[in-house]
Structure formats: C-alpha cells, structure tokens
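J.: Okay, here's what each chain looks like letter by letter:
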Amino acid sequence: MTAALSFQDVSKHYRGAQEYRALRDDIMATVGRAAGRKRLTRRVVKALDGLSLEIPEGQSFAIIGPNGAGKTTALKLATRITYPTSGRVRVRGRVGALIEVGTGMHPELTGRENIYLYGRILGFRRSDIKERFDDVVEFAGIGPAIDQPVKQYSSGMQLRLGFSIAAHLEPDVLLVDEAIAVGDAGFQYRCIERMAGLVREGRTLVFVSHDLSAVETLCERAILLRTGKIALEGKARDVVRAYYESVHTDHLSQADVNGRAAGGDLEITAVTFHDGTGAKVEDLRTGQPVVIRLHYRASKPIRQPLFSVGLSDGRAGCIFIASMLVDGRAPRLIGGSGHVDCVFEDLPLLPKTYEVWGSVRGEAGFGDLVDWQRLRLVRVRGEVAGDGVSAVSSIEWAPVKVPYHWRVTSEVGAD
Amino acid sequence: MATTSEAVRRSSPGLEIGEKPVLEVTGGRGRLSRESLRELWVFREVLWAFAVRQVKVKYKQAAVGIGWAVLQPVVSAALFALFFGRFAHVASEGVPYLLFALAGMVAWTYFSSSGGTAMESLIADQALLRKVYFPREVLPLAAIMAGLVDLGPALLTLLVAAGLYGIAPSVAWLALPLPILILILAAAALGIGLSSVNVYYRDVRYALPFVLQLGLIVTPVVYSLNAIPEQWQTAYAILNPIAGAIDAIRRIVTHQEWPDMGITFGALAWSTVLLLLAYALFKRLERGFSDRV
Chain Y
1 MTAALSFQDV
11 SKHYRGAQEY
21 RALRDDIMAT
31 VGRAAGRKRL
41 TRRVVKALDG
51 LSLEIPEGQS
61 FAIIGPNGAG
71 KTTALKLATR
81 ITYPTSGRVR
91 VRGRVGALIE
101 VGTGMHPELT
111 GRENIYLYGR
121 ILGFRRSDIK
131 ERFDDVVEFA
141 GIGPAIDQPV
151 KQYSSGMQLR
161 LGFSIAAHLE
171 PDVLLVDEAI
181 AVGDAGFQYR
191 CIERMAGLVR
201 EGRTLVFVSH
211 DLSAVETLCE
221 RAILLRTGKI
231 ALEGKARDVV
241 RAYYESVHTD
251 HLSQADVNGR
261 AAGGDLEITA
271 VTFHDGTGAK
281 VEDLRTGQPV
291 VIRLHYRASK
301 PIRQPLFSVG
311 LSDGRAGCIF
321 IASMLVDGRA
331 PRLIGGSGHV
341 DCVFEDLPLL
351 PKTYEVWGSV
361 RGEAGFGDLV
371 DWQRLRLVRV
381 RGEVAGDGVS
391 AVSSIEWAPV
401 KVPYHWRVTS
411 EVGAD
Chain D
1 MATTSEAVRR
11 SSPGLEIGEK
21 PVLEVTGGRG
31 RLSRESLREL
41 WVFREVLWAF
51 AVRQVKVKYK
61 QAAVGIGWAV
71 LQPVVSAALF
81 ALFFGRFAHV
91 ASEGVPYLLF
101 ALAGMVAWTY
111 FSSSGGTAME
121 SLIADQALLR
131 KVYFPREVLP
141 LAAIMAGLVD
151 LGPALLTLLV
161 AAGLYGIAPS
171 VAWLALPLPI
181 LILILAAAAL
191 GIGLSSVNVY
201 YRDVRYALPF
211 VLQLGLIVTP
221 VVYSLNAIPE
231 QWQTAYAILN
241 PIAGAIDAIR
251 RIVTHQEWPD
261 MGITFGALAW
271 STVLLLLAYA
281 LFKRLERGFS
291 DRV
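So the sequence lines, in the order shown, correspond to chains Y and D. The first sequence lines up with residues 1 to 415 when you count with our numbering. The second sequence lines up with residues 1 to 293 when you count with our numbering.
What the hints contain is simulated information worked out from the structure, not anything from laboratory work. Quick caveat: nothing in here was measured; it's all calculated off a predicted structure. Even for Gly, the Cβ is constructed at its ideal location relative to N, Cα and C. Honestly, I wouldn't trust all of these hints.
[What the hints assert, rightly or not] Below 20 angstroms or equal to it, Euclidean Cα-Cα: the simulated EDC-like pairs (lysine to aspartate or glutamate) are:
| hint | chain 1 | residue 1 | chain 2 | residue 2 |
| --- | --- | --- | --- | --- |
| 1 | Y | Lys300 | Y | Asp368 |
| 2 | D | Lys58 | Y | Glu113 |
| 3 | D | Lys20 | Y | Glu170 |
| 4 | Y | Lys300 | Y | Asp265 |
| 5 | D | Lys58 | Y | Glu54 |
| 6 | D | Lys20 | Y | Glu113 |
| 7 | Y | Lys130 | D | Asp291 |
| 8 | Y | Lys300 | Y | Asp371 |
| 9 | Y | Lys46 | D | Glu45 |
| 10 | D | Lys56 | Y | Glu170 |
| 11 | D | Lys60 | Y | Asp147 |
| 12 | Y | Lys151 | Y | Glu113 |
| 13 | D | Lys56 | Y | Asp265 |
| 14 | D | Lys60 | Y | Glu113 |
| 15 | D | Lys20 | Y | Asp147 |
[Unchecked claim] Non-contacting residues of chain Y with respect to chain D, defined by C-beta distances greater than 12 angstroms in every case (computed):
| hint | residue |
| --- | --- |
| 16 | Asp26 |
| 17 | Asp134 |
| 18 | Trp372 |
[Said to hold, decoys possible] Which bits of chain Y does chain D cover? Going by a derived footprint, with three or more residues having C-beta under 8 angstroms, they are:
| hint | region |
| --- | --- |
| 19 | 74-86 |
| 20 | 110-119 |
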C-alpha cells in the first residue's frame, strides 16, 4: 500500500506572542544580552508535536479535533505553505487544496485569469487547464462573472471558484479545510458530493472539519488531534463517536447552545433528548419515540413564538424540519424558563451522528428571536443496522418525512 | 462477480506508480541549491503569469496607463535639465543636458522602482504566501520582469530623443543589452535580498525609499562619472553597478561609441555575485515567510 501522504515525527513550532519584529527590538535584545540581562524566553506554541501518520492512496481521511489542535497546520505542511520545524512530510501526487476562502485568488484579476494562474501554481500546463476550464466554471456557478475581477465577487462566489478549481484540476490528493462551511447550503452539498466523487475515482481525500456528520458520511478513517498530537486513530465512525462522547462529557454540546438573537428576549439554554417515557437519554434510538426538548429562557413574556427544529446529517439543509411556522401550533404566550417538546413517534434515522438545528421566530413569523443555528450534536443508535453499516454511506440525498406533533409545557396564562 | 471487479480495480492503480511526483520536506532551514533553480524553471509559467498580472494590475485603473513609464523619467529629466543643466551648469560630457539626464533617469527609474516593488512583493502578496505554494522568489522576480514593460517605452523615448538631437543610430547600440542586463541583475539582487529581510524587519520598507534617495545622489545619474576622481572611476562604476550601467548607456546612445568593456563586464560580474548572495539569503529565510508575513 502506497502512502499518498505521510508524516514522520513532524513537529511545527511557532514562536508565540510576537507579531511583527522591528530591527529595534532585536537590537535592544542584543544590547540587553550584552549587558548581562537574561534573554526573554519566548512562548513557543507547538502546533504539531511529533505527528506520525500515513494516509494510503485512495483513502478518504478526516482530521478532527478542537480548535488549535493543529488540523490546519497539518494541511499547510502537506502543501508546503509552511515548513516543519522538524520531521519529514512526504506527499505523492498532485495536490489540490482548499485551505481558506479565496485561496490563491488575486482580487484585481478576473475569475478566468485566476483559474489559469492558480492552475499554473498547482503545476498544470495551460492546455490541461483549458481542457477543464468549463467544468470549473460550471461547478462554481458564477456564469458571466467569470470575466469580472474577483474583487467584485461575493465571498461565496470566491469560495465556490476556489473549491471548484481545487477539485476539478484532477488532484491526486485533495485537501479540504473547513472553509466550505462558509458556503451556502446548496454549495456545501455539491462540495461534499464532489469530494465523494473524487474518492470513488480513487483519489485521496484529507478532510478537516468540525462537521462530524459530514466526516462520518465522507471518510473511512480519521484521526483525532489534540494539542498537536494524535489522540485517537481509527475508523472515522469510531473516532467521531469517541470525539463526540468526549465533547459530550466536556459539556461542550450543552454549552454549544448559545442561541440568542439580537433582541435577547429569548434564549435557548439547552437541548435534551427524552424517550417515550419522558426519561432523559443521551442517544436516540432508531425506530423509537423521541422527544427533542428545547429549554428556553424568556426575559419577558413573548407572544406566539414560532419554534422550529431540524435534523441534519451534515450535508446541506436538514433531513426534516418540524416547524410551527408551518403547522401553526405556536404557544400563545411564554415567559420565564420552560421547555418545548418536539415529539417524534417513530424516528426513521439510521445510526449515525446528527446535528440538531433550531430557531425561534417572532409572532406571525416576523423577526428571529433565535437565529437558525446548529444547537447540538446527537448520536442515533439502533439495532436496525447496528454498527455493521458502512461508515461511507450513500451520498444520495434522502429527505425523510416524519409524523410529529408539538407539546408545550409551561404555557403562561392563556389570554 | 463482485470479487472479480474488485480485484481488477485494486490492481490498476499500481500501474501508475512512479508517474506521480513525490514531494518530501524535512525540517530545518532551506538553502540555495541546484534544486532551487530547477524548481524555479518548473514554475516559469507561474513567474510569467505573476509578471503579467503585475503589469495588468498596475495599469488597470490608471487613466494615463503605460504613459507613466515614459512620463516619470522624462519629467524628472526635464526638471534636472532646467535646474542642474541650465541654472547650475552641471557638466554633461558635451551632450545636451536633457538627453544626458534622461539616459541616467531611464536607468535609475527602472532600478529603483522595480527594485522597490520587488522589495515589497512578499508583503504585498502575503495572502498568497499563506495560501498556496510556489517558490517564493517568483514574487520579487516577477516585479523585476514587470518593470521591463516600463523600461521598454522609456528606452525607446531615450532613443527617439537622441534622434531629435540629431544623433543617428550607430552599431554600438548593439551593446545596449549589456547595461540593461546589469540593471536587471542589480535590481533583482536588491529586490530579492531586501524582500526576504522585509518579511522579518519591516524597517526595510521605510529605509529603502530613503536609501534610494541617497543612491540618486551618490550615483552619477544627473552628473557624469567623470565627476568621480579619475583613479576611482573604474572601481566605483563596478562596485556600484548602476553607475557602470548608466555610463555604458551614455556612451552607447549619446556618444555613439562602445562602452568601457572593463567596467561593463566588471559590473556584470559583480551584480551577478550580488544576485547570488541575495538569492542564497532569500532561500535561507524563505521557509519562515508564511509564518511571519
């Protein structure tokens, strides 16, 4: 098995807490040393600390972990954007990378000129780029804007073009950072679809993401990075689960809920799950009744708030949404602390990690009390397929229709 | 069935082994090697694209456009002609002072503006440094190349001006590429060397305009090389290759004679040495650029 990407005992240290150095500072430091003063010890940040890793060709691989764990640094080393302090990085094949929005884009040049420039930077001949030009433009979906300077593009357009270039110039190894999370829902979907397509073609994918559901959908194997070291390596599904569970115990998934719109009158303080008997559960079970409970705190009485809850598997949009905007079952008035239950009699989801999204709209749908956002993650377990289901599940979009009804407790004095 | 197709699919990628480029990076400082030059050659199209981009970007929203390339040396030469030539009677080797100063300003403008742009190039494109790989010397080199687009019309203006003063083209004009090569090498040495230092010490960007101002005084741009004591002239024109290049341009264009070959090749050799030193420094510092910009 040939490795497309290998790290051998790679460390990357940054000298911390120093932005720009002026000559004066170094002179003063030298003078200070000469005068016998002790040298200031600089804080060294170890972005990667002895990382050893082999990613075989054709594998879809994920790097997950909390912020500052060194995920992006690992990608930057593989693309020679930055260099290791020690160790050895080896890459086999042409690399396409989308590490940040606007990667390699020059604002004054048109989209067309940028495609050629970036293609050449990636090491493609002009004729190679010409051949794939139409695919790039079509995927990016920027139409006639291709001949406008990129500075006139929206950030979404820049992102689409950047991803499109990286993913269409036939990379052997595609490196994608969480940048795609910036794109709109439809684009994210197409990105993930495209990445899955490249994996099917036998390309190597390294995906860095906080989007655990997408990781599980897309990747076979994964590592969990913590403070520059591998905390766990294994099947993507197992690593995601372990990470999810550790996050869970860190109460991060609870703290994750910071839903508060501009007005601040209403806050979703927590999301909990309950089984048919009302007992609190940590995981959901396939085919069982499930209650998703939104705990709220209202600083003043709120008339007819419209709650919405959706579940997503990390791809664009939600698999299903239960919304009072649609069914009109809004409570007349709420106030203080309480909760709203969204009850699903039968959960038709396969075992995997899902995201719970939610929002609260004001009376008659005007204004967001709580913006539409990801509230927390949840794991669905079940016997239907058990753990035997392949982590690389089908990429086809499968919307699910679910019967549900609302039940609201703590409704404050009706009229 | 399934197993057969599986087996086929597995075996085929093996055929490609050896075709894919392998890249290996280890820790430590970089250094100038034959590999650096080979890689620069691989990225020649990128260099070209950057140079083209720079020219396009430079004149994209400028009303006078490429006219600036001519306007700058002509206007400054005209002012020098008025104040130095007419009022102060600075000696100009028997050549009309305007033409004399123009020859100096065309060369100096190229050297200082492309060298200055090159010095800023890494900082100006720091977003690129942080986002995509290419040999970093491509950026300052592109600035030096893009500057040639300005040098061309400026030189043409000089030759036309010479014609207007009744100086006919001569066979010595064939030697014109030599001083131009000196200018390119010297500007590249300045740009590559200082751009790398500028990443670490932003003082460079403030110091350079001042140093270039001083350079305009110490270099025989608006006065003759003859103003330097005679025994020092050759050494000075070699060690300050711009002085050598300007002297060669004057001899070729305004005196219709071959340049002093000792000075010319001396300056050529010295500026090559400077460029190699600057390049070595650049390669040594290069790996830290994206972390520091």
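J.: Would you mind marking each hint as holding or not holding in the structure?
T.: Hint check results:
{"no.": "1", "hint": "Y/Lys300 with Y/Asp368", "verdict": "holds, 16 angstroms"}
{"no.": "2", "hint": "D/Lys58 with Y/Glu113", "verdict": "holds, 15 angstroms"}
{"no.": "3", "hint": "D/Lys20 with Y/Glu170", "verdict": "holds, 12 angstroms"}
{"no.": "4", "hint": "Y/Lys300 with Y/Asp265", "verdict": "holds, 6 angstroms"}
{"no.": "5", "hint": "D/Lys58 with Y/Glu54", "verdict": "violated, 45 angstroms"}
{"no.": "6", "hint": "D/Lys20 with Y/Glu113", "verdict": "violated, 27 angstroms"}
{"no.": "7", "hint": "Y/Lys130 with D/Asp291", "verdict": "violated, 34 angstroms"}
{"no.": "8", "hint": "Y/Lys300 with Y/Asp371", "verdict": "holds, 18 angstroms"}
{"no.": "9", "hint": "Y/Lys46 with D/Glu45", "verdict": "violated, 36 angstroms"}
{"no.": "10", "hint": "D/Lys56 with Y/Glu170", "verdict": "violated, 29 angstroms"}
{"no.": "11", "hint": "D/Lys60 with Y/Asp147", "verdict": "holds, 14 angstroms"}
{"no.": "12", "hint": "Y/Lys151 with Y/Glu113", "verdict": "holds, 13 angstroms"}
{"no.": "13", "hint": "D/Lys56 with Y/Asp265", "verdict": "violated, 53 angstroms"}
{"no.": "14", "hint": "D/Lys60 with Y/Glu113", "verdict": "holds, 14 angstroms"}
{"no.": "15", "hint": "D/Lys20 with Y/Asp147", "verdict": "violated, 33 angstroms"}
{"no.": "16", "hint": "Asp26", "verdict": "violated, 8 angstroms"}
{"no.": "17", "hint": "Asp134", "verdict": "holds, 20 angstroms"}
{"no.": "18", "hint": "Trp372", "verdict": "holds, 30 angstroms"}
{"no.": "19", "hint": "74-86", "verdict": "holds (count 10)"}
{"no.": "20", "hint": "110-119", "verdict": "holds (count 4)"}
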